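S.K.: Now for the letters of each chain:
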Amino acid sequence: MAYSDKVIDHVENPRNVGSLDKNDPSVATGMVGAPACGDVMKLQIKVSEQGVIEDAKFKTYGCGSAIASSSLVTEWVKGKTLDEAAEIKNTDISAELELPPVKIHCSILAEDAIQAAIKDYKSKHDK
Amino acid sequence: MRYFELFSIPVNYDVDLQEIGVRYLELQRAAHPDRHSGGSEREKLLAVQKTAEINDALQTLKHPLKRAEYMLAELGVEIRGEQQTLQDPMFLMQQMELREELEDIRACGSASGDVDSAIARFERHIKELDGEYSNELQGLLASSDENDWQKAADNVRKLKFVYKLKDELERIEDELFDE
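Chains as they are written, first to last, in numbering that gives the first Met the number 0: chain A, 0 to 126; chain B, 0 to 178.
Hint data in this document are derived by calculation from the structure and do not stem from the laboratory. Quantities reported herein were computed from a predicted structural model and do not represent experimental measurements. Where a beta carbon is used, it is the ideal one built from N, C-alpha and C, also for glycine. Do not rely on the hints blindly, as some may be mistaken.
Okay, derived cross-link-like pairs now, BS3-like style, lysine-lysine, Cα gap no bigger than 30 Å in a straight line [said to hold, decoys possible]:
| # | chain 1 | residue 1 | chain 2 | residue 2 |
| --- | --- | --- | --- | --- |
| 1 | A | 118 | B | 159 |
| 2 | A | 5 | A | 118 |
| 3 | A | 56 | B | 49 |
| 4 | B | 150 | A | 121 |
| 5 | A | 58 | A | 121 |
| 6 | B | 126 | A | 58 |
| 7 | A | 56 | B | 159 |
| 8 | A | 56 | A | 45 |
| 9 | A | 123 | B | 150 |
| 10 | B | 61 | A | 58 |
| 11 | A | 79 | A | 21 |
| 12 | A | 118 | A | 21 |
| 13 | A | 123 | A | 56 |
| 14 | A | 123 | A | 79 |
| 15 | A | 58 | B | 150 |
| 16 | B | 165 | A | 58 |
| 17 | B | 43 | A | 21 |
| 18 | A | 21 | B | 159 |
To give an idea of the interface, some chain B residues facing chain A are shown, with a C-beta separation under 10 Å as derived from the structure [said to hold, decoys possible]:
| # | residue |
| --- | --- |
| 19 | 6 |
| 20 | 82 |
| 21 | 91 |
| 22 | 92 |
| 23 | 138 |
| 24 | 171 |
Could you build the full structure based on these sequences and the hints that come with them?
M.R.: The following block contains the structure:
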């Protein structure tokens, strides 16, 4: 199957690969997996006191579309507030990357990873 | 559970693979299109369809994951091709670590004499995980409690990740040793 140029670009030059210090209280982690293909994705965000995402890193084991989806969302969430980041929909991701229907689940994975990271941040701080 | 009936075996997650093999040969012999070559077009078509069904049943019954997914679907729990993500942090953390371990195996590759023992250790680990999620399936799928089916579905979803690890390991072994 042919990947779009945008997917290939993200796969060849993934943005923001790596990890943030999970012991840092301003860092939150979202972990999700897709049973359909066995892909696993970890997305971490570092959030300022004002609730703005200052940094984001990801690590994904999966196909090119899954890597591109997570790479793209790390770019998108930086500079956004948590509420703005929560607005990102899988359809935005799949449209930007021109994902074919069989790869839509990769964009769902990325959307759920942001949601999980935001949830993790809120559960740590809303006490 | 049409496939089990077709093969005349009890509806059970635990199956006798040898029995399935024997039944398969019997069924294929009886249904073989050549046996119907003298028949009408309709009979020939039916024979081809029957052969295809027998093959589908075989592929489903002999593969542990496909068998579990099939049984769940027959019970009304459809998880084949579902788009829902799995969000179990402990399980996923472990998956991440295992994927990292695989990367290490690939990276040190044939340069290190230790690769055989690393692979053996990894295989043991996968086998333990496989057992952890597979062993309960017989009981859960035989239950009449819907909660047990959901539990079985959760185990099957996790097994898909475990099988993915098996595939990845095989791919790395091919890369390392098939030169």
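S.K.: So, for every hint listed, does it hold in this structure?
M.R.: Going through the hints against the structure:
Note on residue 118 of chain A and residue 159 of chain B: the hinted pairing holds, with a Cα-Cα distance of about 26 Å set against a maximum of 30 Å. Between the alpha carbons of residue 5 of chain A and residue 118 of chain A the distance comes to roughly 29 Å, so the proposed pair stays at or under 30 Å and holds. A threshold of 30 Å between alpha carbons decides the hint, and for residue 56 of chain A with residue 49 of chain B the separation of about 52 Å lies outside it, so the pair is violated. A threshold of 30 Å between alpha carbons decides the hint, and for residue 150 of chain B with residue 121 of chain A the separation of about 28 Å falls inside it, so the pair holds.
Annotation: proposed proximity of residue 58 of chain A to residue 121 of chain A holds, straight-line Cα distance about 21 Å (limit 30 Å). Restraint check: the Cα-Cα separation between residue 126 of chain B and residue 58 of chain A comes to about 25 Å, which is no more than 30 Å; the hinted pair holds. Distance check on the hinted pair: residue 56 of chain A and residue 159 of chain B sit about 26 Å apart at the alpha-carbon level, within 30 Å; holds. For the hint pairing residue 56 of chain A with residue 45 of chain A, the CA-to-CA distance comes to about 9 Å; that is within 30 Å, so the pair holds.
Restraint check for residue 123 of chain A and residue 150 of chain B: satisfied, since their Cα atoms lie roughly 29 Å apart, inside the 30 Å limit. For the suggested pair residue 61 of chain B and residue 58 of chain A, the alpha carbons sit about 35 Å apart, so the restraint of at most 30 Å is broken. For the proposed pair residue 79 of chain A and residue 21 of chain A, the alpha carbon gap of about 20 Å is at most 30 Å, so the pair holds. Proposed proximity of residue 118 of chain A and residue 21 of chain A is supported: the alpha carbons are some 15 Å apart, at most 30 Å.
Proposed proximity of residue 123 of chain A and residue 56 of chain A is supported: the alpha carbons are some 19 Å apart, at most 30 Å. Distance restraint check for residue 123 of chain A and residue 79 of chain A: the Cα-Cα separation of roughly 19 Å lies within the 30 Å cut-off, and the hinted pair is therefore satisfied. Annotation: proposed proximity of residue 58 of chain A to residue 150 of chain B holds, straight-line Cα distance about 29 Å (limit 30 Å). The hinted pair formed by residue 165 of chain B and residue 58 of chain A meets the criterion: a straight-line CA distance of about 20 Å does not exceed 30 Å.
With a C-alpha separation of about 65 Å, the suggested pair residue 43 of chain B and residue 21 of chain A falls outside the 30 Å cut-off, and the hint is violated. Taken as a hint, the residue 21 of chain A and residue 159 of chain B pair is honoured in the structure, with Cα atoms around 28 Å apart against an allowance of 30 Å. About 27 Å separates the beta-carbon of residue 6 of chain B from the nearest beta-carbon of chain A, more than 10 Å, and the hint is not met. Residue-level restraint check for residue 82 of chain B holds (minimum Cβ-Cβ distance to chain A is 5 Å; threshold 10 Å).
Below 10 Å, beta-carbon pairs count as interface contacts, and residue 91 of chain B has one with chain A at about 4 Å; its hint therefore holds. Taking 10 Å as the C-beta contact cut-off toward chain A, the hint placing residue 92 of chain B at the interface holds, the least distance being around 6 Å. The closest approach between the C-beta of residue 138 of chain B and any C-beta of chain A is roughly 21 Å, which is over the 10 Å cut-off, so the hint fails. Interface hint at residue 171 of chain B: violated, since its Cβ lies 13 Å from the closest Cβ of chain A, which is beyond the 10 Å cut-off.
Checked against the numbered hints above, the structure violates hints 3, 10, 17, 19, 23 and 24; every other hint is satisfied.
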